[in-house]
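When the letters of the sequence shown are read in order and numbered with mature numbering (1 follows the signal peptide of the UniProt record, and there is no 0), they come out as residues -29 to -1, 1 to 86.
Because the hints were derived from the structure by calculation, they are not lab data. Any given hint might turn out to be false.
Heads up, simulated EDC-like pairs for lysine to aspartate or glutamate below, C-alpha to C-alpha not over 20 Å straight-line [to be verified]:
| hint | residue 1 | residue 2 |
| --- | --- | --- |
| 1 | 20 | 31 |
| 2 | 20 | 9 |
| 3 | 59 | 75 |
If you anchor each label on the Cβ, the simulated ranges turn out as follows [what the hints assert, rightly or not]:
| hint | residue 1 | residue 2 | range |
| --- | --- | --- | --- |
| 4 | 78 | 42 | 56 to 66 Å |
| 5 | -22 | 7 | 31 to 41 Å |
| 6 | 63 | 38 | 40 to 50 Å |
| 7 | 26 | 81 | 41 to 51 Å |
| 8 | 14 | 79 | 43 to 53 Å |
| 9 | 42 | 12 | 52 to 62 Å |
Every value quoted in this text rests on a predicted model; they were computed, and no experiment measured them. Don't be surprised by glycine CBs; every beta carbon is placed ideally from N, CA and C.
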Amino acid sequence: MIQQRLSLSSMIAAATAVVALGLPGMASAAYEHPVNNEKGVIVHPEHFKSEKTRAQVKAEAEAAMRQGRLSYGESNYPIRTPDAGPGKTREQVINEMLNESPAERDARQRLYYPG
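Whenever a hint applies, use it, and build me the whole structure from the sequences.
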C-alpha cells in the first residue's frame, strides 16, 4: 500500500515538474524555432505579436512599482529624471570654489573627505 502511494505521489510530482518547466518553452515557441546547430534555436522577433504598445507596458511597470508589486530586482526600473539643463563651465566652478565661505568649504571637505 505504501509503495503505491509513493509511486502515485512521485508521478504527480513528476507531472507537475514537467508542466512547470515546459510552460516557459511553450510561451516562447511562437518566435523561437529549433535548428540543427550548437545553439539549438533561432529567434524570429518578427513572429512575436504583442497586444500592447510600448507606452502601455511602461505605464503598467511604473504603476506596479508604485504599488510595490515588483519582486527584488524588478523594482529598479529606471525612472526618467528631467534634464537639469546645461552644466556650468570650468571657470564658473573654479570661481564658486574660490568665493565660498570657510563654513561651506569645511562642509564640502567633510562630504568628500570623511574622517
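Quick rundown of the hints versus the structure:
Among the hinted pairs, residue 20 with residue 31 is consistent with the structure: their alpha-carbon atoms are about 18 Å apart, no more than 20 Å. At roughly 27 Å between alpha-carbon atoms, residue 20 and residue 9 are farther apart than 20 Å, so this suggested pair is violated. Under the criterion of a C-alpha separation no larger than 20 Å, the hint pairing residue 59 with residue 75 is consistent with the structure, at around 19 Å. Checked against the hint of 56 to 66 Å, the pair residue 78 and residue 42 fails, with Cβ atoms roughly 39 Å apart.
For residue -22 and residue 7, the hinted distance range of 31 to 41 Å is satisfied, since their beta carbons lie about 39 Å from each other. Restraint check, residue 63 to residue 38: a C-beta distance of roughly 43 Å satisfies the suggested window 40 to 50 Å. Taken as a hint, the range 41 to 51 Å holds for the pair residue 26 and residue 81, whose Cβ atoms sit roughly 45 Å apart. Distance hint for residue 14 and residue 79: a CB-CB separation of about 52 Å, consistent with the stated range 43 to 53 Å.
A C-beta distance of roughly 27 Å is found between residue 42 and residue 12, which places it outside the suggested range of 52 to 62 Å.
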